[in-house]
Amino acid sequence: MYIQEDGTVLSNIKISETYYDMTVYSPKIAGCAKPGQFVNIKCGDDLLLRRPISICDCDGENFRLVYENRGAGTSMLTRLITGDNLDILGPLGNGVFPTGVSRVLLVGGGCGAAPLLFAAKKNNECSAVLGFRTCKNAVLTDDFYSVCENLLIATDDGTMGASGTVERPVNLLLEKHKFSYIFACGPRPMLKAVSIIAKRHSIPCYISTEERMACGVGACLCCAIKTKSDKETYSHVCKDGPVFEAGQIVLED
Amino acid sequence: MIDMSVEIAGVKLKNPVLTASGTFGFGREYAELYDLSKLGAIAVKGLTSEPRNGNPPPRIAETPMGMINSVGLQNPGIKSFIENEIPFLRKFDTKIIANVSGNTVSDYVSITEIASSSDIDFIELNISCPNVKAGGMAFGTGAASVGNLVAEVRKVCKKPLIVKLSPNVTDICEIARAAEASGADALSLINTILAMKIDINTRRPVLKNNVGGLSGRAVFPIAVRMIWQVKNCVNLPVIGMGGVSTGADAVEMMLAGADAVAVGSVMFSDPYTPIKVIDGIHGYLEKHGFNKASDIIGAVNVY
Ligand SMILES: Cc1cc2nc3c(=O)[nH]c(=O)nc-3n(C[C@H](O)[C@H](O)[C@H](O)COP(=O)(O)OP(=O)(O)OC[C@H]3O[C@@H](n4cnc5c(N)ncnc54)[C@H](O)[C@@H]3O)c2cc1C
Ligand SMILES: Cc1cc2nc3c(=O)[nH]c(=O)nc-3n(C[C@H](O)[C@H](O)[C@H](O)COP(=O)(O)O)c2cc1C
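Top to bottom, those sequences are chains L and H.
Following this note's numbering, the numbering of the first sequence begins with 1 at its first residue and continues without gaps.
Following this note's numbering, the numbering of the second sequence begins with 1 at its first residue and continues without gaps.
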């Protein structure tokens with residue numbers, strides 16, 4: 001079930017060098033969103049395609065998006081101000097993060113942290129490792145700090161937390177604590193590395209994936225992602241995902 | 001009361017607005033938003049005899065006022081369509097167009113035979129898909145091969161036969177005439193225009209298939225021109241498509257000669273577009289004092 005809703009921007013704040021944090025009043029979509037789901041947003045009249053953004057947090061009436069200013073669509077979003085209208089399709093995605101479980105390790109890279117915050121709030125005893133390029137782009141750390149038992153940060157340039165990728169801090173937490181699940185969202189190489197670690201520890205792992213997308217609802221079949229099977233078959237990020245069990249799909253570069 | 005109905009090859013559509021193949025799946029996703037009975041007809045995703053997996057991703061690139069896709073006819077196969085999708089679509093009061101493809105002439109013949117025996121209203125022969133290695137557009141770009149294919153398919157086709165033309169040709173009229181001479185009941189155009197987009201930072205094509213088909217508002221004027229040309233060289237109903245996004249666009253296409261219009265990629269931006277286009281055509285007819293939608297077909301007063 002999804003709908004089209006005209007939401008209202010409540011706030012839209014620059015929170016780092018390239019990231020923005022937007023809260024949208026959208027009671028119908030926010031009323032039924034689940035962690036891992038996303039919204040497909042119309043970004044002006046000149047762009048044919050909507051832009052998919054994960055729901056970062058949701059209180060039943062409003063939802064929150066944390067997005068990176070990357071190109072024409074997201075830069076249009078940065079210019080919205082309080083009271084502006086937002087044409088949204090959502091909540092989208094049937095593959096979602098489990099909820100109501102305990103001892104979850106959340107691993108986020110860049111804007112991949114966004115959907116994991118919502119997941120953290122709907123599960124118990126979560127810990128998180130967040131990776132960013134640099135401290136200037138570290139976002140959502142306070143939010144995760146307030147809902148997680150452990151929080152470790154890694155930056156590529158070492159300006160905050162551990163230097164390098166999320167792998168070392170992830171292994172560190174896995175050595176010290178027992179986890180029942182790993183949830184990950186971020187760049188492909190990170191998802192690959194986390195899937196391998198999870199497999200080594202025999203921990204069920206759910207990953208949120210991205211592909212270039214058009215309709216967002218499963219009609220056009222553009223956002224194909226390779227499925228693990230003997231034959232070459234594809235699932236679709238918008239309808240079957242965006243969250244998959246790590247063993248279900250092939251993460252290609 | 002304005003009569004919105006139009007007739008294509010003896011079949012009455014309640015209004016002239018359709019959905020374009022490949023942009024509306026089998027209707028299920030958009031049935032969550034509105035009643036599919038509002039539509040004149042639904043052209044379903046391109047079907048093949050066997051299930052097809054389609055091309056590797058990325059399958060899509062955005063371009064100014066448009067997009068390039070290389071989905072490559074991913075579909076569950078004709079058997080699954082008949083078993084699982086027709087019963088769903090028949091719950092709605094609209095016409096069903098089965099869009100079919102093949103790799104060889106005998107493929108096209110066998111899928112048409114199966115599809116036209118099932119509970120559908122039209123066969124749309126896709127001889128214009130730019131995203132498959134064999135078949136597709138390879139059949140649609142030469143008059144002789146179009147003539148031969150349509151003639152073979154015609155022999156087994158028990159439903160009105162629409163032939164979907166490729167814009168990737170030098171002379172669209174030559175192809176249209178070949179389809180007409182071999183027994184097509186109607187023509188639809190345009191399919192996507194072969195196109196390419198390169199990421200200048202990686203210096204690689206955005207699409208894994210390197211090239212794909214351009215659609216969306218960017219192609220609209222080309223579609224209007226081709227519809228007008230085709231309408232002037234054959235005596236067949238024409239279903240127009242290519243970048244239709246408003247009622248005004250649909251009216252323009254109908255003035256050029258389209259008996260009906262299909263909404264495609266613009267659906268991705270606004271899924272309610274077909275409904276808005278129906279209302280837009282109605283509003284135009286009302287404002288300009290026409291009693292019937294069919295009054296504006298081919299009504300452009302050219303110089
Ligand atoms: C299910 C899903 C959830 C997402 N959630 C978030 C989120 O919470 N926060 C966030 O910042 N971003 C998220 N994204 C990525 C976001 O959709 C893209 O960054 C955005 O579409 C770029 O649009 P643009 O017009 O600004 O950039 P464009 O000019 O379109 O492109 C700029 C760059 O972004 C890349 N890009 C474009 N479209 C996509 C896409 N669909 N997926 C991945 N990369 C793309 C291009 O390769 C290009 O390098 C998500 C993507 C998906 C598929
Ligand atoms: C994602 C996508 C998939 C398509 N798949 C098919 C198909 O399976 N069969 C077909 O005949 N045309 C297919 N088309 C072409 C459309 O039906 C239509 O002819 C074309 O896109 C032009 O219309 P538009 O600009 O309104 O999209 C597809 C187009 C798109 C964008």
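Hints in this document: simulated from the structure, not taken from any laboratory.
Keep in mind it's a predicted model, so treat the numbers as computed, not measured.
In this text, a Cβ means the ideal position worked out from N, Cα and C, and glycines have one as well.
Incorrect hints may appear among the rest.
Here are the computed distance ranges between Cβ atoms for each label pair [stated by the list, open to error]:
#, chain 1, residue 1, chain 2, residue 2, range
1, L, K14, H, E174, 53 to 61 Å
2, L, K231, H, I198, 27 to 35 Å
3, L, P204, H, A9, 48 to 56 Å
4, L, Y25, H, I222, 52 to 60 Å
5, L, P187, H, D295, 50 to 58 Å
6, L, N171, H, R90, 41 to 49 Å
7, H, K12, L, K14, 54 to 62 Å
8, L, D156, H, N148, 29 to 37 Å
9, L, R70, H, R203, 18 to 26 Å
10, H, E7, L, I3, 57 to 65 Å
11, H, A181, L, P27, 20 to 28 Å
12, L, T99, H, I222, 44 to 52 Å
13, L, Q248, H, R203, 27 to 35 Å
A short, non-exhaustive set of chain L residues, derived as facing chain H with CB atoms under 7 Å [stated by the list, open to error]:
#, residue
14, G60
15, E211
16, C220
Query - Status of the hint placing G60/L at chain H (closest C-beta pair under 7 Å) - result: Since the shortest Cβ distance to chain H is 21 Å, the answer is violated.
D156/L and N148/H, beta-carbon distance inside 29 to 37 Å?
For N148/H against D156/L, whose Cβ atoms are near 60 Å apart, the range 29 to 37 Å is violated.
That 44 to 52 Å hint for T99/L and I222/H (C-beta), does it hold up?
-> 49 Å, holds
message = Looking only at beta-carbon atoms, does the pair N171/L, R90/H fall within the given range of 41 to 49 Å?
response = The hint (41 to 49 Å, Cβ to Cβ) is violated, given that N171/L and R90/H are roughly 56 Å apart.
(message) Given a hint of 48 to 56 Å, does the C-beta separation of P204/L and A9/H actually sit inside it?
(response) 55 Å, holds
Note to self: Holds or violated: the 54 to 62 Å window for the beta-carbon distance between K12/H and K14/L?
What the structure shows: Given about 57 Å between the Cβ atoms, the range holds.
Interface hint compliance - E211/L to chain H, C-beta minimum distance less than 7 Å:
Since chain H brings a Cβ to about 6 Å from E211/L, closer than 7 Å, the hint holds.
Note to self: Holds or violated: the 27 to 35 Å window for the beta-carbon distance between K231/L and I198/H?
What the structure shows: Since the Cβ atoms of K231/L and I198/H sit about 31 Å apart, the hinted range of 27 to 35 Å holds.
**Request:** Starting from the range 52 to 60 Å, see whether the pair Y25/L and I222/H falls in it by beta-carbon distance.
**Result:** Because 42 Å falls outside the window, the suggested range is violated.
Please check whether Q248/L and R203/H have a Cβ separation lying inside 27 to 35 Å. 33 Å, holds
Taking the CB of K14/L and the CB of E174/H, does the distance hold inside 53 to 61 Å? Roughly 58 Å apart at Cβ, these two residues keep to the hinted range, so it holds.
Tell me if the beta carbons of E7/H and I3/L are separated by a distance inside 57 to 65 Å. Given a distance of about 35 Å, which is not inside 57 to 65 Å, the answer is violated.
In this structure, the earlier hints numbered 4, 6, 8, 10, 11 and 14 are contradicted, and the remaining ones agree with it.
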